[in-house]
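*Asks:* Work out the full structure: start from the sequences and follow the hints.
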Amino acid sequence: MTTHSDTVTRILDTAEALFAERGFAETSLRTITSKAKVNLAAVNYHFGSKKSLIHAVFARYLDPFCAHLSLEIDRLEKMQPSPNLELLLERLAFTLLNTQTPNKQGLSVFMRLLGLAYTQAQGHLRDYLQTQYGEVFRRFVRLLSQATGELPETERFWRVHFMLGAMIFTMSSLNTLRDLAAQDFQEQTNVRTLVARLMPFICAGMQAPLPDVQANPATSSYIQAHHPSL
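With the UniProt record's numbering, the residue at position 144 of the sequence shown is 144, and numbering never jumps.
Calculated from the structure, these hints are not laboratory results. Remember, predicted model here, so these are calculated numbers, not experimental data. Do not take every clue at face value.
[Said to hold, decoys possible] No more than 30 Å apart at the CA atoms, straight line, and that leaves these computed lysine-lysine pairs for DSSO-like:
| no. | residue 1 | residue 2 |
| --- | --- | --- |
| 1 | K35 | K104 |
| 2 | K37 | K50 |
| 3 | K104 | K50 |
| 4 | K35 | K50 |
| 5 | K104 | K37 |
| 6 | K78 | K104 |
| 7 | K104 | K51 |
| 8 | K51 | K37 |
*Replies:* Structure (structure tokens):
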């Protein structure tokens with residue numbers, strides 16, 4: 001017999017897979033209900049709307065992740081002296097890898113969804129993430145600011161987003177990257193090995209010398225020649 005919990009899980013699993021594959025706007029509730037083998041009334045009953053369903057898909061990952069990260073931040077905030085960048089990134093990676101996900105490919109799928117939250121016009125989703133989870137991430141960024149005090153705020157803003165970009169691309173492309181490594185280098189890798197390689201790269205990028213505010217002449221010439229509107 002199908003239970004309330006089974007129906008909710010099936011809807012969430014189906015919505016997650018379709019959103020990751022097709023995008024939010026391109027996935028209709030009718031497609032989700034058809035794949036999940038439930039009627040539209042079930043989605044409306046359990047979630048109320050497509051927007052609320054999208055939020056629930058993210059909450060499955062972010063509720064446990066942010067709960068664990070908040071505990072890590074509690075410990076980090078009590079440290080004297082303040083934790084350095086390497087330790088902050090190590091604890092972030094630890095939390096990411098040790099938060100239970102709903103399914104085997106959960107981390108990779110979630111990173112794909114997180115990337116879509118940035119690249120697709122989903123203002124309601126960004127508002128939801130900011131409201132529900134913003135305080136945890138603001139606390140982490142405050143620690144990050146203390147560990148990178150030499151960076152101007154605007155430069156730190158860009159580097160944090162470069163860091164997120166590297167993490168989201170790498171983790172969302174996990175299966176493809178593993179296949180390429182096996183094919184080209186006969187190397188078998190797993191998510192923990194990949195993260196162990198990624199963290200020093202991110203740390204070096206966060207600590208790199210400040211760029212010259214005036215672009216390199218060669219770069220400027222190239223941009224002007226190929227992208228005159230920029």
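*Asks:* Indicate, hint by hint, whether the structure satisfies it.
*Replies:* Status of each hint after checking the structure:
no. : hint       : in the structure
1   : K35 / K104 : 20 Å, holds
2   : K37 / K50  : 17 Å, holds
3   : K104 / K50 : 25 Å, holds
4   : K35 / K50  : 15 Å, holds
5   : K104 / K37 : 22 Å, holds
6   : K78 / K104 : 35 Å, violated
7   : K104 / K51 : 25 Å, holds
8   : K51 / K37  : 20 Å, holds
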